[in-house]
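2 protein chains.
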Amino acid sequence: MKAVGVIGLGAMGAPMARNFHKHGLLHAVWNRSPQRAEAVATETGARIAKSPADLARDCDFIVTCVSRDQDVIDMATQLAQGIQPGAIVADTSTVSAATAREAARLLKDKGAHFLDCPVSGGTEGAIKGTLAMMVGGDAEIFEKSRPMLSAIAAKVVHIGPTGSGQACKAVNQLMIAGVYEAVAEAIAFGQSLGLDMQRVVEVLSTGAAANWVLTNRSANMLNMDFPLGFKVALHHKDLEICRAMARDADGAVLPVAERMLANYEELMRQGYDDEDVSAVFRLKRGEHT
Amino acid sequence: MKAVGVIGLGAMGAPMARNFHKHGLLHAVWNRSPQRAEAVATETGARIAKSPADLARDCDFIVTCVSRDQDVIDMATQLAQGIQPGAIVADTSTVSAATAREAARLLKDKGAHFLDCPVSGGTEGAIKGTLAMMVGGDAEIFEKSRPMLSAIAAKVVHIGPTGSGQACKAVNQLMIAGVYEAVAEAIAFGQSLGLDMQRVVEVLSTGAAANWVLTNRSANMLNMDFPLGFKVALHHKDLEICRAMARDADGAVLPVAERMLANYEELMRQGYDDEDVSAVFRLKRGEHT
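Chains as they are written, first to last, in this note's numbering: chain A, -12 to 276; chain B, -12 to 276.
Think of the hints as simulated: they come from the structure by calculation, not from any bench. It cannot be assumed that every hint is accurate.
[As the list claims (entries may be wrong)] A few chain A residues facing chain B, derived, Cβ under 7 Å: (1) Leu93; (2) Asn159; (3) Gln178; (4) Ser179; (5) Leu182; (6) Ala195; (7) Ala196; (8) Leu221; (9) Glu245; (10) Leu248; (11) Ala249.
For glycine and all other residues, C-beta sits at the position ideal for the given N, C-alpha and C.
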């Protein structure tokens, strides 16, 4: 593969494009709002494509990074209008496994390949290139893609067939939901005890309670300031996907997911849809009144 | 300080004694059941004290590592019968802040000092000397003790006055409870989706869902085998302490703690009191039927 194109230059996609550029791989970019494409192009010298189809004409490895299931289908549909046979589309969005399978089908009709490649590690992981990436798709296409994917992620693991990257990401989103609630409740509890929470966070970060959220998001909680990050409304959407997947798989209910869905619904009712998910601390602090 | 004595040579205390020995600090040991004292003494050359009071006579830094609040009070009472003025007792048990204050009072009457020094990091942390230690007590006594405490813990943080080490540990125990439930529920969910869970654990361990439990206890869950570790019955006791502390502090209810208390009560009803807390996975797998 020679020429990488990146579509979707938001909080995750823009730093991914910059990391491809650092590895000498970035060829073209496209974004729905052109200002973001111009910013990345000015910085990297990448070509600004006129459309996804235009980008597909001279890129053989295309990374998409969008928000919603319908965006992924739209991008795959538009890419299919210009894509070269043998080209690979790696979608780093978090969407359903069914969406991944549909996107793969749209591209396969044109002789192109699709990998579902959702990532975890936050905006800081995207900037540093230290993301964890869980990949679904054909094993051979995965191996061919690994050098490109390694430009944006420190850990790249092939999970299984198309859709299994998204299924793995659903497991990740459920786990992190529970960790957020645990960290938020524990920090609010520590504050109610009158402890010096800077010291508490320092020591807890190195013992058996250690976790990414504590290390990277407890400062938001202690400062009562929740900049993005990862939006409440998006994590709520992901947990609804988890709920539906569990019901489809075996009818199980996920108590941790259900409680965080309720927490996020309360946050959204209060107007905090666009804050970082660490804002769940607002509710936990509210319990100590 | 020259001579360290260790009381309580269980899964945590025995490796602590060995680490003091490695640093040339271990002088004497005592344990309720003498076989464990003999095992450590044979290995390290430490003197086996006849009683806690006997140990106190020639040790100026005494570490206790027992299970229950009453054990800590009993040890402090017995140590007070032989302790030297200026000696320091560092209790690494997890008990209430009130117990820590009572133990400190018993020793202060004899001119000796007390630090509550609960630890986190599991038996593997005790063996490797990589524990996190949260310390309550006088700042000057803490600084004097730091070289000894650093022999058994990689991170030693002074939280505040007597009892605040235990209060910090309560925060730790609440946080880890929620993380255990999140990891257990997410792994059971992933299995229900038919994913290769070795690969899922590998990739999730490096992203935003990363946590100590996932890294160190998910194998128990995947193997459905829950060796100690940390007993269900002990963590249940700790969460009851958290519940009581929250009520005393401001009347708040801790939803994460309440749900894990219910989970542990169900495990104990099924006879799993003595398994490692990762056994909460039994209930989560049971939800997928």
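TODO: List in ascending order the numbers of the hints, as given earlier, that are violated by the structure.
DONE: When the structure is compared with the hints, numbers 1, 3, 8, 9, 10 and 11 turn out to be violated.
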